[in-house]
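Note that the sequence shown covers residues 2 to 110 in the working numbering.
Rather than coming from a laboratory, the hints here were simulated on the basis of the structure. Any given hint might turn out to be false.
[What the hints assert, rightly or not] Each pair of labels, with its calculated beta carbon distance range:
1) H59 to D8: 20 to 30 Å
2) K77 to D57: 19 to 29 Å
3) S81 to F45: 18 to 28 Å
[Stated by the list, open to error] Each computed DSBU-like pair below joins lysine-lysine, with the alpha-carbon atoms no more than 35 Å apart:
4) K92 to K52
5) K11 to K84
6) K92 to K77
7) K49 to K92
8) K15 to K52
9) K49 to K15
10) K49 to K84
11) K92 to K12
12) K11 to K92
13) K77 to K11
14) K49 to K12
15) K12 to K52
16) K11 to K49
17) K11 to K52
18) K15 to K84
19) K84 to K52
20) K15 to K92
21) K12 to K84
Every residue gets a Cβ at the ideal spot worked out from N, C-alpha and C, and that includes glycine.
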Amino acid sequence: PGGVQLDPLKKFYKDGYSIVRGVDSTVSVAISDGFQAPRSWNGFMAPKEFKNVHLDTHHYQVFDDAFKTFIDQHVKLACSLPKDRLSGVDKPLIVGEWSGAMTDCAMYL
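Kindly produce the complete structure, drawing on both the sequences and the hints.
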């Protein structure tokens, strides 16, 4: 999804972490989920070895068929997000962007 190649991305994250830690051992380091499910990053840069790493995720209901549902289904999907998609992650999670838009406005951007 999204055309992200995970192996080079993971190498970039580890290299970047080392560079940041060479300057400051306490600052938070945020990595993107690369449009993958947040739990799929469990075990990568695990908290025991990599200190103060946070995973950033973005959730949009508009870029798939979710925006074609009725309003009650749409709201139910948004409310299930924490339990279904955001739980069980082994590092602190940041929801950097989120949208429960009801229409795909991308054609107007």
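For this structure, which hints from the list above don't hold up? The structure breaks none of the hints.
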